Amino acid sequence: MTVTTLLFFACAALAALIYQKLPQRLRQPWLLLISAAFVATWSWQFVLVLAVFSAVNYALGRRAAPPDPRHKTWARAGIAVNVLFLLVFKYSDFYLPQFSKWLNALGMLEPGLVLQILLPIGLSFLVVQNISYLLDVANKRLPPETNFARFCLYIFYFPKLLSGPVERARVFLPRLASPLKVDRALLERSASLILTGLFRKLVIANSLFNMIPADAFITPLDYPGQQLLAWLIAYAFAIYNDFAGYTAIVRGVSLWFGIELSPNFNLPYYARNFTEFWNRWHISLSNWLRDYIFYPLAWSLRRRVPDQNHVLNIVLPPMITMLVSGMWHGLAWNMLLWGGLHGLFMVLERLPSLKKPPVPLNKRPRWRQRLGVLLTFSLAALAWVPFRMELPVALQYWQGLIKWTMPDFKGLGLVIIGWNPLWSWSPLGLPNPLLIVMLILAITLDAHQHRAGSEEWLLNWPRWAQVLLVFALLLVALLAFFADTTAPFVYQGF
Amino acid sequence: MGLLIFALLAILFEGLFRGTRLSSTLQLRSHGVYHAQFEIKWFALEDFVQENGGVDVILLGNSMVNTGIDPEILGQRYEYRTGRELRIFNFGVEGLTVAPNSALARLLVREYHPGVLIFVTEMRDYTAVNGVDIEEQLLSDEWLTARLGGKVTLRAWLKDRSFLVKHLLPYRNWNRADFPDTFLQNQYRKLATSPSGYEADYYPRGTAWLPPDPADPAEQALFSMFANYTMDPGRLANLADLLAVTSEGTRVLITELPLHPNYFLYFNDPAAHAKYLEELVPFITSRGGVFLPPLPSELIPDSFRSDYYHLNYKGAMVYSALLADQLAELCLNEGVCLQPMEQAR
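Here the protein sequences come in this chain order: A and B. Be aware that the first sequence starts at 1, since it is given in the working numbering, and climbs by one per residue. Be aware that the second sequence starts at 495, since it is given in the working numbering, and climbs by one per residue.
Derived from the structure by calculation, the hints contain no laboratory data. Please read all numbers here as calculations on a predicted model, not as lab measurements. The reader is advised that the hints may include incorrect statements.
[Claimed, not checked] Short, incomplete list of chain B residues facing chain A, as computed with Cβ under 10 Å:
no.	residue
1	Thr576
2	Arg649
3	Trp651
4	Leu652
5	Arg655
6	Arg670
7	Asp672
Every residue, glycine too, gets a C-beta built ideally from N, C-alpha and C.
Make a model of the complete structure from these sequences and hints.
Structure follows, in structure tokens:
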């Protein structure tokens, strides 16, 4: 069940109503039950896999707690188990074909058959959550959870299960223990988040994804550079609105149960450099990477190389952190390149600090800040190329971006004056005008949020404007109901 | 509140479309079928019937029928020769072989009770691999499935019954990359289609006089498709289904457009066409159908053709008149006439 369907909202609303009526002691078991039911809508086998996953991590967490003299060893073993779990399920494409061949040769599997493993939903997100739990327990930041059902709920909790946010146990478990009071104000916040999320997903992200021709990312050299550029910008906004929309929806739904989930996006394309970008983009994962990869690595290096301006201290922590980020997204060369590029950008922006102390971003002249926004967006957009496509195609795409051809302005002119009928935009060498409209809409939405200073800006709108937005969303949802295809959330694949 | 206003407006527009002529005035309608030209023809026929009070003769077939027969000329000439005034509609749709046409024939007879169906067929119709994609796409469409008496889903029901949905459906793919282009082209084609369903081909191509080149990679698929031509039993079963509408009082006439002689070069066997007709004609006549032999191809000059199969607007003018003459002869000499819809009931 995906989170933009009417069925999801109906089921979640019903579950929340029952939740509110239940006595306190039954609320968490109820949440666990409906979360397991949500998982079962994808596949009942996933419930079993996640139950085993939870049991293993629960047991490891108990052993990873001090004062057990081997608690650090248990924590490391736990991390290894989680990584192995990820490798076994997520990267089965690498080893199963070969393994199947061996079984075929041994006669244990029918000739020609290849074993297949179902990838449990949200596995990458669950693995990083568990690693943080084990490390926090081992480092005495959190006592080990002693209630297995509650630990299972940390894993299974349905609003965050598919694609996060990546919640730390030390933040999430206390929120679970003392949920917010579900009153009118909270429900208005929830509605604001859900509506914004639906708008981002249904109106902006789906449209932009659909407006990019399927083969633009397969045979990019078939298209002129100006169209490739338009589609790359469209992709950058589409993937952002897709994920930010998803997060806003699940945060809003979670508020129906009085449970606050962490924000994940804060206008990333307003970032003035890459360090700021990663504080605004997929914030829960970025913070995880910062706390569990970047800082430990930086501190460990500083112990060995005390000079903070030493090249190792400048280069290694951001580069390794971003490479890990790339690998988390997918064990493929293109993802490594994506992570490596972000690492490189972060290294480059740290270089000037070798000569003079860096000026805080807010104290820089306005023009420099704006230039920083433009530069960061441009480089981030270019880095989306390997994120989206295989390495050889990504290279072709970059190559294609500089091969502009003159649009057929004469043809366009003849259309405008009514001399020629407008059969098609494509031969004119111009991007789909609807795509430009959607990009303007996406930029306007962010600008509005930027001015309002809050993701819940919709609460400040007059009632008639809120009604208009609901109306527009319903119309779009109705059209999507009848459309020939729909686009799934991109981050659901991780 | 937003939900309430949306529901109220939806009810208002539904009522407006139902209770006034707004629905037919606003030309943009759809049942959500992927085949855009099928929809153009479907709604054109609805309007035709509304305008004329019914339809007597429906021409069925593929794009050759679409661009090859002008019902206006056919009707006028037939009336001139026989004195019978008939309401004729061209339901030729691109890419439709005998398989989807048999389903369509059943549907059209059930909905409109025409007196006569004229199905224009040719050898490609009976090649199992030809037109399979379009056939599967069209026949698996949920609206058409429901309309043909199959499974009725909520979406199919809304697509069929709700006037509001019918007017929203043309925009259902509004955010797809190809939407502006396909939307514009569909509107253009809709305007180019006459009220009686004929779409003239004004674009000069005319390469029919060049024989197909076996070395041309684009032609090789056709050469291999027709190398050992036999009529597929499945497609013949479709033809039998189509002929079965005679049991409901609708007369079925089957003919073939005069194909360019170069077309037959795709077949290994120079007698392939004759053999095909030898098998086809008794199949039709034994099931209550009437076969009109194809007219000699020499009657249509090369410059009146778009390619080996299709006629351009000049060819359509000539052929429509010739077909009318052929039908008139059949009526006057053998008493097999085009009949008005009332006789089918």
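The hints, checked one at a time:
The interface hint given for Thr576/B is broken, as the beta carbon of that residue sits about 40 Å from the closest beta carbon of chain A, more than 10 Å. The beta carbon of Arg649/B is positioned within 10 Å of a beta carbon in chain A (closest approach about 7 Å), and the interface hint is therefore held. Of the supplied interface hints, the one on Trp651/B is violated, with its beta-carbon coming no nearer than about 12 Å to a beta-carbon of chain A, more than 10 Å. The interface hint given for Leu652/B holds, since its Cβ lies 8 Å from the closest Cβ of chain A, which is under the 10 Å cut-off.
With its C-beta approaching chain A no nearer than about 14 Å, Arg655/B sits outside the 10 Å limit, and its interface hint is violated. Interface restraint check: Arg670/B against chain A, minimum CB-CB distance 5 Å, threshold 10 Å, status holds. Hint status for Asp672/B relative to chain A: holds, with the closest Cβ pair at about 8 Å, below 10 Å.
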